[in-house]
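Turn these sequences into a full structure, and let the hints guide you.
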Amino acid sequence: EKKEERSLKINYSPIIDKLDIVQKLMFIVEDVTEIEKLEREAKEVLEISEIKIKKLQEIVSNDKKDLRLFSREVGLNLELSKNSLERGDLEELFRAAHTIKGNARIYNLTGLSSEIHFIEGKINKLQKENLEKDSLLEKMKSIHESIREAVENYIHLSKEIFGDDVDETV
Numbered sequence: 001e002k003k004e005e006r007s008l009k010i011n012y013s014p015i016i017d018k019l020d021i022v023q024k025l026m027f028i029v030e031d032v033t034e035i036e037k038l039e040r041e042a043k044e045v046l047e048i049s050e051i052k053i054k055k056l057q058e059i060v061s062n063d064k065k066d067l068r069l070f071s072r073e074v075g076l077n078l079e080l081s082k083n084s085l086e087r088g089d090l091e092e093l094f095r096a097a098h099t100i101k102g103n104a105r106i107y108n109l110t111g112l113s114s115e116i117h118f119i120e121g122k123i124n125k126l127q128k129e130n131l132e133k134d135s136l137l138e139k140m141k142s143i144h145e146s147i148r149e150a151v152e153n154y155i156h157l158s159k160e161i162f163g164d165d166v167d168e169t170v
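The sequence shown begins at 1 in the working numbering and counts up by one.
Bear in mind the hints are in silico, worked out from the structure with no lab data behind them.
Small disclaimer: the values here were computed from a predicted structure and weren't measured.
No residue lacks a Cβ here, since even glycine has one placed at the ideal position from N, Cα and C.
One or more hints might be untrue.
[As the list claims (entries may be wrong)] DSSO-like mimics (lysine-lysine), calculated; alpha carbons at most 30 angstroms apart, straight line:
id, residue 1, residue 2
1, Lys122, Lys139
2, Lys43, Lys122
3, Lys159, Lys54
4, Lys55, Lys37
5, Lys43, Lys55
6, Lys159, Lys52
7, Lys37, Lys2
8, Lys159, Lys65
9, Lys122, Lys141
10, Lys125, Lys55
11, Lys122, Lys82
12, Lys52, Lys64
13, Lys65, Lys82
14, Lys141, Lys82
15, Lys139, Lys128
16, Lys37, Lys3
17, Lys54, Lys37
18, Lys82, Lys64
19, Lys65, Lys55
20, Lys3, Lys43
21, Lys65, Lys52
22, Lys82, Lys52
23, Lys125, Lys82
24, Lys141, Lys54
25, Lys55, Lys122
26, Lys159, Lys141
27, Lys82, Lys133
28, Lys65, Lys54
29, Lys54, Lys64
30, Lys52, Lys37
31, Lys52, Lys139
[Claimed, not checked] Derived CB-CB ranges, DEER-like:
id, residue 1, residue 2, range
32, Ser61, Ser142, 25 to 33 angstroms
33, Asp165, Glu41, 32 to 40 angstroms
34, Thr110, Lys141, 21 to 29 angstroms
35, Ser142, Phe27, 51 to 59 angstroms
36, Asn153, Glu41, 20 to 28 angstroms
In structure tokens, the structure reads:
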């Protein structure tokens, strides 16, 4: 009636007589849709937790002083990234992202470095497209936000470990 997709688990059990001859088959049909949904959700939570643990391990490989320095440097480059939006300068956006990626590598933040590397690929594709200024600026804004979110995620986790004064940009 509702045209919902459901997952069914089907088992069977033979019904035998005294001579061990199968007389009938009993089919047992069980709706396992909710169980599968819960399993998927649990798997997603586990994956998110594993990513967070990896990021935390990267962060604790540094000391607080190094993370404060990283925060300052990345803050300056986020500002360059933001300024590139005002001028519509795709090259400046790329340089800011590239510098953030390099700084992340220096501080052994390989997850962040990988995220920014992926974003750099988007910038490279954008450089090859011939877009109108408004469309270009919208895509650049989206890229800047992606960079900012990735960095802020690491800064937030750093604060959880070392305290709020890790981030000097606030």
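What are the numbers of the hints that this structure violates, sorted from low to high?
none
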